[in-house]
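Number of protein chains: 2
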Amino acid sequence: MADHPLATLVTAGSGGLAASHLPLLYYRAEGGHGVLRGHMARANPQWREVLPGSEALAIFGGPQHYISPNWYPSKQEHGKVVPTWNYVVVHAHGALSIRDEPEWLLENVRALSDVHESTSEAPWQVADAPPEFITNLLKAIVGVELTITRLEGKWKVSQNRPIPDRHGVIRGLESIASPEAAAMAALVKDAISDV
Amino acid sequence: MADHPLATLVTAGSGGLAASHLPLLYYRAEGGHGVLRGHMARANPQWREVLPGSEALAIFGGPQHYISPNWYPSKQEHGKVVPTWNYVVVHAHGALSIRDEPEWLLENVRALSDVHESTSEAPWQVADAPPEFITNLLKAIVGVELTITRLEGKWKVSQNRPIPDRHGVIRGLESIASPEAAAMAALVKDAISDV
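The listed protein sequences derive, respectively, from chains C and H.
So the first sequence is numbered by the numbering used here: it starts at 2 and just counts up by one.
So the second sequence is numbered by the numbering used here: it starts at 2 and just counts up by one.
A few of these clues could be false.
Where chains are identical, the list cannot tell them apart; a pair therefore holds if satisfied intra-copy or between any two copies.
Each computed EDC-like pair below joins lysine to aspartate or glutamate, with the alpha-carbon atoms no more than 16 Å apart [what the hints assert, rightly or not]: (1) 81 to 133; (2) 157 to 181; (3) 157 to 129; (4) 76 to 129; (5) 140 to 118; (6) 81 to 129; (7) 76 to 50; (8) 81 to 153; (9) 140 to 129; (10) 140 to 102.
Don't read these hints as lab results, they were simulated from the structure.
This structure is a prediction, so every number in the text was calculated from the model and none was measured.
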């Protein structure tokens, strides 16, 4: 969640299913499974359409890639292989609260900036902007707080294949000159080291 | 949708909100806005928990990246800038049907393989596997068919910023040695050329 902070926040409200894409910060120490906090535009209809405390789902996505059965040595042996797709995701289920206290919102924009500017040589801070500009901006957003009741990681990195097939997947992915393939190859490799 | 085929399929069923990650194929010519087809494991509880014809949301995600206000020349002028996150997604809303006719499923696994093996020198085909293996495999999956009623693209590539800020974003992203940043830089550049 920290490495891939842009979450997909899904709710089922009066207008049907809705999803927004927003960076969420994870507060592990709060509640049983932690709390996610972020904000969206006040003009976004999603937050008005959900009942307070209703269920929400935040999805965080990591590397993913198509896996060809051609890469499995076991294809030559018995042919009983098919394509699949590897991916890593986290699903956080919980109750959604809408927050619009200015102090809460200010703390949220500060915390998000501090995290996402942390690798900058001269990190931008909320205090760099004129205070009245920030005050007006806070009026244009609402906070979202998801108190997690169920946290599921889905880790599909060829761990169901025999070790030779997993090495074949790594070779196959590494033969593709793409960063997505390289990221997935690294995860398949890590999972072998864990055995 | 073709470039980023691994969709997040979201439904609201008896067990609450559920999401699966599966490659979906878009059939543009069918229905008003087209149809999406794919399959999931029969063991996945999601398909049993939705009523036939109930609403579903398929989300396809493209490049995304944090955007620092430090990159905007307008920061030096007036300071009235804050961080944001750029992203490109497609939301396909529609009615979900569950399909489990063997012919439908075979056609779906064939079509998916043909698309995703198309760049291979020796594309794997369903016919490469023993027929009885495929027959058994089709019993272990169910098809999902989403007839699209609303198709929304969300394209957040700094197009709301003045042109100098957009060039600043491109420079900022290009200064980060990451493929995600490069992909977003290319989209911000494209959007300028479109003006």
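Failing hints, ascending? The structure conflicts with hints 3, 5, 7, 8, 9, although it agrees with all the remaining ones.
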